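**Student:** Read off the chains here:
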Amino acid sequence: MLSYVGARLLQAVPVLFLSSVVVFLFIRLVPGDPAVTMAGPNATPDQVAALRRVYQLDRPLPVQYLTWLGRLVQGDLGVSYTTRRPVAALVAQRLPATLHLAVGTMLVMLVVGGPLGVVCAVRPRWAVSRAIAILNAVALATPTFWLGILLLLLFAVSLRWVPPSGFVSITEQPLESMRLLVLPCLTLGASGTAIVIRFMRASMSEVMHSDFIRTAHAKGLRESAIVTRHVLRVAALPVVTVLAVQFGYLLGGAVITEAVFGWPGVGRLTLDAIGNRDYLIVQAMMLFFVAVFIAVNVIADLCYAILDPRIRLAG
Amino acid sequence: MRQAFETVELPLSRRRFLRAGLASLAAGSVWPGLPTRVRAAQGGALVATAPGDLQFDPFFAQTRAWIVQGQIFSALFDYQGKNPFAPSGQLAESWTETDKTLTVKLRKGVKFHNGRDFTSQDVVDNITRAKDKSIGHYLFDYFDPTVEGAEAVDRETVKIAYKQAYPLKLDDLTLLYIIPKEAMADVATKPVGTGPFKFVSYAPGDKLELQRFEQYWEKGKPRLDRVTVKIIADDQARIANLLGGSADFVDTVAPSDVVRLKTDKRVQVITPPPGGFWYTNVINTSHKPFENKLVRQALNWSVDRPKIAKLAYFNLAPATQSRYLPSAPWYNEAASTMYKFDLARAKALLAQAGLPNGFESSIMLGKLAGSKEMAQIWAQDLAQIGVKLSIIEKEESAFWDTYGKGEWDIVAFGLGDGRLDPASGINNSSPLRINNNRAKIESQPFFEEYKKLVLEGIGTTDMKARKRTYDRIQTIWAEESWTVNLAFWVIPVVISQRVKNYRHPVDQVPHFAGTELGA
Numbered sequence: 001m002l003s004y005v006g007a008r009l010l011q012a013v014p015v016l017f018l019s020s021v022v023v024f025l026f027i028r029l030v031p032g033d034p035a036v037t038m039a040g041p042n043a044t045p046d047q048v049a050a051l052r053r054v055y056q057l058d059r060p061l062p063v064q065y066l067t068w069l070g071r072l073v074q075g076d077l078g079v080s081y082t083t084r085r086p087v088a089a090l091v092a093q094r095l096p097a098t099l100h101l102a103v104g105t106m107l108v109m110l111v112v113g114g115p116l117g118v119v120c121a122v123r124p125r126w127a128v129s130r131a132i133a134i135l136n137a138v139a140l141a142t143p144t145f146w147l148g149i150l151l152l153l154l155f156a157v158s159l160r161w162v163p164p165s166g167f168v169s170i171t172e173q174p175l176e177s178m179r180l181l182v183l184p185c186l187t188l189g190a191s192g193t194a195i196v197i198r199f200m201r202a203s204m205s206e207v208m209h210s211d212f213i214r215t216a217h218a219k220g221l222r223e224s225a226i227v228t229r230h231v232l233r234v235a236a237l238p239v240v241t242v243l244a245v246q247f248g249y250l251l252g253g254a255v256i257t258e259a260v261f262g263w264p265g266v267g268r269l270t271l272d273a274i275g276n277r278d279y280l281i282v283q284a285m286m287l288f289f290v291a292v293f294i295a296v297n298v299i300a301d302l303c304y305a306i307l308d309p310r311i312r313l314a315g
Numbered sequence: 316m317r318q319a320f321e322t323v324e325l326p327l328s329r330r331r332f333l334r335a336g337l338a339s340l341a342a343g344s345v346w347p348g349l350p351t352r353v354r355a356a357q358g359g360a361l362v363a364t365a366p367g368d369l370q371f372d373p374f375f376a377q378t379r380a381w382i383v384q385g386q387i388f389s390a391l392f393d394y395q396g397k398n399p400f401a402p403s404g405q406l407a408e409s410w411t412e413t414d415k416t417l418t419v420k421l422r423k424g425v426k427f428h429n430g431r432d433f434t435s436q437d438v439v440d441n442i443t444r445a446k447d448k449s450i451g452h453y454l455f456d457y458f459d460p461t462v463e464g465a466e467a468v469d470r471e472t473v474k475i476a477y478k479q480a481y482p483l484k485l486d487d488l489t490l491l492y493i494i495p496k497e498a499m500a501d502v503a504t505k506p507v508g509t510g511p512f513k514f515v516s517y518a519p520g521d522k523l524e525l526q527r528f529e530q531y532w533e534k535g536k537p538r539l540d541r542v543t544v545k546i547i548a549d550d551q552a553r554i555a556n557l558l559g560g561s562a563d564f565v566d567t568v569a570p571s572d573v574v575r576l577k578t579d580k581r582v583q584v585i586t587p588p589p590g591g592f593w594y595t596n597v598i599n600t601s602h603k604p605f606e607n608k609l610v611r612q613a614l615n616w617s618v619d620r621p622k623i624a625k626l627a628y629f630n631l632a633p634a635t636q637s638r639y640l641p642s643a644p645w646y647n648e649a650a651s652t653m654y655k656f657d658l659a660r661a662k663a664l665l666a667q668a669g670l671p672n673g674f675e676s677s678i679m680l681g682k683l684a685g686s687k688e689m690a691q692i693w694a695q696d697l698a699q700i701g702v703k704l705s706i707i708e709k710e711e712s713a714f715w716d717t718y719g720k721g722e723w724d725i726v727a728f729g730l731g732d733g734r735l736d737p738a739s740g741i742n743n744s745s746p747l748r749i750n751n752n753r754a755k756i757e758s759q760p761f762f763e764e765y766k767k768l769v770l771e772g773i774g775t776t777d778m779k780a781r782k783r784t785y786d787r788i789q790t791i792w793a794e795e796s797w798t799v800n801l802a803f804w805v806i807p808v809v810i811s812q813r814v815k816n817y818r819h820p821v822d823q824v825p826h827f828a829g830t831e832l833g834a
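The listed protein sequences derive, respectively, from chains A and B. Last residue of the first sequence: 315 in our numbering, with the numbers rising by one and none dropped. Last residue of the second sequence: 834 in our numbering, with the numbers rising by one and none dropped.
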């Protein structure tokens, strides 16, 4: 397994390098100029030129790229154009908030989506299962910004059960942190939960019709034992893939949810950086996202091997 | 820390829950007025909001700095005096002015947040920084062309020498927020000033924490203990925070929301006096067919200003074709009433310009609220005279980039700097100024006269002569018609009912020094 992980990490190096080139070029192809944005609407060409010099944007692109890459391998991500703070510090400051949101949302998806998916698969004709299917469709069709604002108005503005916005680390104030997490996690988790329910239901339905389950029934095993010991373990594999992808997306930042709930995560950092053409932040964040997806996929592969012993990982 | 909160939770019944839920489902147009918690506060902390990350170096004039400038820093002058449009002394106690000099006696007992006394040398240091081109800040264009130099006459007196007679001495100094020299290098991350609140911490994307500066020069101020600025990107979420009692101050509110919030008893809408800003459409005179002034005039005749002021800008301020209100001393009535909404006249002018069947053009929009509605109304009217106007929307960075490159026909703008002096308005408006003019008027036949007049207006302090000059300039603006003014633009702020003694100044820089939190 270790050799497999090592091989996957080695494969990640060229991927990250290619990503760095693509990201570096793409953000510069987008119309807009950080110096113009910083200088403001009435800036004269002299002002803009001065800012270009200050931030070395007047240098040829290959020189800019190599300078950035050289610093990157030494762990220096540069300084943000807009906030004048080190990019590494900005990312490090935003990551905990994103982790809180990602883990909280995953919990919602697992705790709500998992059992409901099982219910729908085991008892497809129940009225509850039909109601879940309808709610599933509604959750998938509901735009995140609409749901976020609605939950905000209902639970924070009208009922005042939870604060409307803000972030506190769970290690500092656990209760307040959880109160603040409720609405963003529900907003983000709604569609994710629906996806988990669908995959869980479909996957379990397929497994429940397989030969080994029929054999288990013939042996006289109780249904609960069949479901928990045999069906769930096999049916969980595609769900793990879905969860891994969802977790990757969540670590990449949930831009709309972060905007609605004033959540200081990496999604907003990236979006603001794109808007301000803060190239160094955008480049750092894109590389981070690529690295996250690589890591999450490796972890998902490892989970496969644990869940299904028939799967062997080779380096 | 003086802070006293009293919170009363009311029991939540099923009926109340359902009522709140139904009301919330209808949200967007109607806000449920269900106060389930009554909060009273004295002293304590004011919570403001901002739509994006903040900048602390006041030499970079982005709107992102507005919310912090007036709290952390002070300038020699501000717009907090009795006349909202006239600079009044802030760190300046008294001053004497000649055509080419300004001698300022500084207020005594002013300290920086780092404990050092504020002296005349600090003004000199900041003017030196303002004249430093290498930093790339916007104040260079204000101070370098006008200020010859500054000297510290004594510890409390500074004398500023100007290159020529200059009427905007005090106005320009409202922009020069004083930073101690030893803090200049780190001002973007660790701001130090002489303002009523000192910097405590800033978590980008999250919040800024400011604390009362105990040694603030104005006795009895600030009244608040703390100011927090929460970063909330979504417009509706900022308003929800205000209505939910989690925020006290929201700016950059869209006109449509302002209209709705005016009737909400939980908040106050504070509107600065109109006149300092205005909506306009700028025409690129280097693009065909706009090099012909008859075509530009036709566009001015084709605008239904009252309709646009009502439907696009919600009548928050009056429609106008002039940059001035009739009550302003600079108002030129003939120039300000030159056009009416008359499509027949517009069509006749197009025919005279050789375009009887109209032409195709485009208008570029940024994120200015109401622009799209304005453009749609105008495009409908223009279609009646054969002009096909397409609407191009751009996100902010691309908008300014395209604008700077001149790759546009017409652009929708909010212009102005809050100040009334025409010299300031011209200097600070890229479509009106004479250097690097973005409407490309340099190749127009009127430009030499316009340039001469602009230089005359800014090169004298004789008010009668200046009035004559700016009368003529306004006539040129109207006749040459490269800007199509639409309506005055007021930028209200919305604050919670508990906020007392807040006045929003014309330059849009909030000052919380005298602000209190009531019950």
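Warning: the hint list may mix true and false statements.
[What the hints assert, rightly or not] On the chain A side, residues computed to face chain B include the following (Cβ under 8 Å): (1) Phe17; (2) Ser19; (3) Val21; (4) Val22; (5) Phe26; (6) Leu57; (7) Arg84; (8) Ala88; (9) Ser169; (10) Ile170; (11) Pro264.
In case anyone wonders, no lab produced these hints; they're calculated from the structure. Bear in mind that the values here come from a model prediction, so they are computed numbers and not experimental data. Each residue gets a CB set at the ideal place from its N, CA and C atoms; glycine is no exception.
**Student:** For every hint, state whether the structure bears it out.
**Tutor:** Hint check results:
Using the Cβ-Cβ criterion of 8 Å, the hint placing phenylalanine 17 of chain A at the interface with chain B is not satisfied: the shortest such distance is roughly 28 Å. The closest approach between the C-beta of serine 19 of chain A and any C-beta of chain B is roughly 23 Å, which is over the 8 Å cut-off, so the hint fails. For valine 21 of chain A, the interface hint is violated, since its Cβ never comes within 8 Å of a Cβ in chain B; the closest pair sits about 22 Å apart. The restraint placing valine 22 of chain A at the interface with chain B is violated, with a minimum CB-CB distance near 20 Å, outside the 8 Å limit.
Proximity of phenylalanine 26 of chain A to chain B is violated relative to the hint, the smallest CB-CB distance being about 14 Å (cut-off 8 Å). Residue-level restraint check for leucine 57 of chain A is violated (minimum Cβ-Cβ distance to chain B is 11 Å; threshold 8 Å). Hint status for arginine 84 of chain A relative to chain B: holds, with the closest Cβ pair at about 4 Å, below 8 Å. The closest approach between the C-beta of alanine 88 of chain A and any C-beta of chain B is roughly 13 Å, which is over the 8 Å cut-off, so the hint fails.
Given hint, serine 169 of chain A at the interface with chain B, is violated; its Cβ is 11 Å from that chain's nearest Cβ, farther than 8 Å. Because the beta carbon of isoleucine 170 of chain A sits about 15 Å from the nearest beta carbon in chain B, more than 8 Å, this interface hint is broken. Satisfaction of the interface hint for proline 264 of chain A is found here, the shortest Cβ-Cβ separation to chain B being roughly 4 Å, below the 8 Å cut-off.
Hints 1, 2, 3, 4, 5, 6, 8, 9, 10 from the earlier list are contradicted by this structure; the remaining hints agree with it.
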